[in-house]
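**Q** Respectively, the protein sequence lines represent chains A and B. Residue numbers for the first sequence, in our numbering: 1 to 125. Residue numbers for the second sequence, in our numbering: 1001 to 1400.
Check before you lean on any hint, since a few could be wrong.
[As the list claims (entries may be wrong)] Computed footprint of chain B on chain A, listed as stretches where at least three residues anywhere in the stretch have a Cβ under 8 Å from a Cβ of chain B:
no., stretch
1, 1-7
2, 13-24
3, 31-41
4, 97-104
[Unchecked claim] Among the chain B residues that face chain A by a calculated CB cut under 10 Å, a handful are:
no., residue
5, Pro1127
6, Phe1144
7, Pro1185
8, Ser1230
9, Val1390
By construction, these hints were calculated from the structure, which means they are not laboratory data. In this text the structure is predicted, and so the values were computed from the model without any measurement. Just so it is clear, CB atoms sit at the ideal spot from N, CA and C, and this is done for glycine as well.
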Amino acid sequence: MTIAQALGEGVQTAIIGLSTVFAVLIILMIVISIMKAVFYKEPKKQLDKAVDSAGKELAKAVEELPVTDKAPQDDEELVAVIMAAIAASLSTSTYHLKIKSLRRVDHAQSEWNKAGLHETISHTF
Amino acid sequence: MISQMGADAASGNWLQVIGTPLMLVVACLLMYLAIVKKFEPLLLLPIAFGMFLTNLPMEFAQRLLHPQFFIDESYLINGHDLDMQLIASQGGLLDLLYLGVKLGIYPPLIFMGIGYMTDFGPLIANPKSLLLGAAAQFGVFAAFFMALILGAMGLGFDVKDAAAIGIIGGADGPTAIFVTKTLAPALLPAIAIAAYSYMALIPVIQPPIMKLMTTKKMRSTVMEQLRPVSRTEKILFPIVVTLVVGLIVPDAISLVGCLMLGNLAKESGVVERLGKTMQNELMNIVTIFLGFTVGATATAEQFLTPQTLGIIALGLIAFSFSTLGGLVLGDIMYFATGGKVNPLIGSAGVSAVPMAARVSQQVGQKENPSNFLLMHAMGPNVAGVIGSAVAAGVFLAMFK
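So here's chain A without its partners, still in its complex pose (with noise of 0.2 Å):
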């Protein structure tokens, strides 16, 4: 094979198997698009249910939990883990949820420490 039919044949198969790969990545696009429209709603609407009824209680905790006077970047991780329990606890993911702000609610006791003394009265009676 001389170099100037070298060239020509490289040309030819690189175009030819890159439209081919192409093709076939975006054929895949095309159908995962009509899969979306077809299969994924969005869950919206049920999630403002979700929030209202048994996320309100949840909600207003968090609402109020702290703003603490750590560096920032930890503040960024508090987040993601409180919004991630968030999601959790509603059974929905991350991507529905949008925390405007977090402050701690004021009790000299927190949350654990009064189910454990719950637990350790109604075990004791």
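Fit chain B to the given chain A structure using the hints.
**A** Chain B in isolation, oriented as in the chain A frame:
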């Protein structure tokens, strides 16, 4: 042993005389890389040890693997079909295990395990990732092109060799082996070693190209969170992909079909026991056989050639151009969406999962510590697996 070396020297086969000790040194070097430097040790260690075993000076009949049985026309029936009778009666342990490579059994089985371990969710949530996975196959064709030119300049690569070398750019070991064993079996050890070594070097190869192709502002782009994907979509995905690939590129179907069977097993959630086997026992067993036998094909006469040097150089070019291809399309998407797509996820289109995606994450986080690109980069990353399998299918269809 000594008499064997003497006979080789007398017959003028100097390559066997100097080559064999040299190959033992190369094998030890690879073992060093696997054990001390931890370069893809799961594959490189069996490869290196296979290489070590096969290069011990032994009588022909005692050898564990006879590459001649698979390559040399005088041992093949009609010059191209395997002589199974001969392999069964005279073959060593590794000859028999090598049949799994030669007949194209191992790479699809590995893909089954990969399919079970892969979450296509990020890809389904952001189907545009598929374009990045396709663009990152650019290196495959760039390296193919350059290998052809080098071949024409006298390095002795023909079209089939060039295709097998190009596939290194897919950054996918099983795919590279699958193509090479059919198109250029003599180059198998060099291509497999180049592919796996460069995969291990992705965190070194990619970042400079990524910085070259993007600005600081582009790299710190924060992307919108991906939507959740429903179970129905995840279950339908493997079926649909198999259908589309099977209809258009039937030569890629044994790879893509097994990948998707593994994925369906995972997403359906009803065959957990089979899934465990696919991703653990089966994959580990096959990996051992694959690495061991591929390494054992690296005899001095096959490995110590100018072609090997060419393959190592072209492999690096293939990886670099694949990264480049993904980044160029990433840049285009960045501008087309008005800065909503971080172009760094483009380089993850090379299919080394999840290494390439991790590199995108790390480079992105360097610019903007609160940026999490990993899930966004997983989309192109798993698309790259499909893309390189399709590219392999194209080569097989054209040159088989």
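**Q** Hint by hint, note whether the structure agrees.
**A** Evaluation of the provided hints:
1. Check on the stretch 1-7 of chain A: 6 of its residues sit with their Cβ under 8 Å from a Cβ of chain B, so the three-residue criterion for coverage holds.
2. Counting residues of the stretch 13-24 of chain A whose CB falls under 8 Å from any CB of chain B gives 10; the rule of at least 3 is met.
3. Only residues whose C-beta sits within less than 8 Å of a C-beta in chain B count toward coverage, and the stretch 31-41 of chain A has 7 of them, enough to reach three; the restraint holds.
4. Counting residues of the stretch 97-104 of chain A whose CB falls under 8 Å from any CB of chain B gives 0; the rule of at least 3 is not met.
5. For the restraint placing B/Pro1127 at the interface with chain A, the shortest Cβ-Cβ distance is roughly 4 Å, inside the 10 Å limit, so the hint holds.
6. At a threshold of 10 Å, the smallest CB-CB gap from B/Phe1144 to chain A is about 6 Å, leaving the interface hint in force.
7. A distance limit of 10 Å between C-beta atoms decides the matter here; for B/Pro1185 the minimum to chain A is near 20 Å, and the interface restraint is violated.
8. Hint status for B/Ser1230: holds, given a least beta-carbon distance of 5 Å to chain A, under 10 Å.
9. For B/Val1390, the interface hint holds, since its Cβ comes within 10 Å of a Cβ in chain A; the closest pair sits about 5 Å apart.
When the structure is compared with the earlier hints, violations turn up for hints 4, 7 and for no others.
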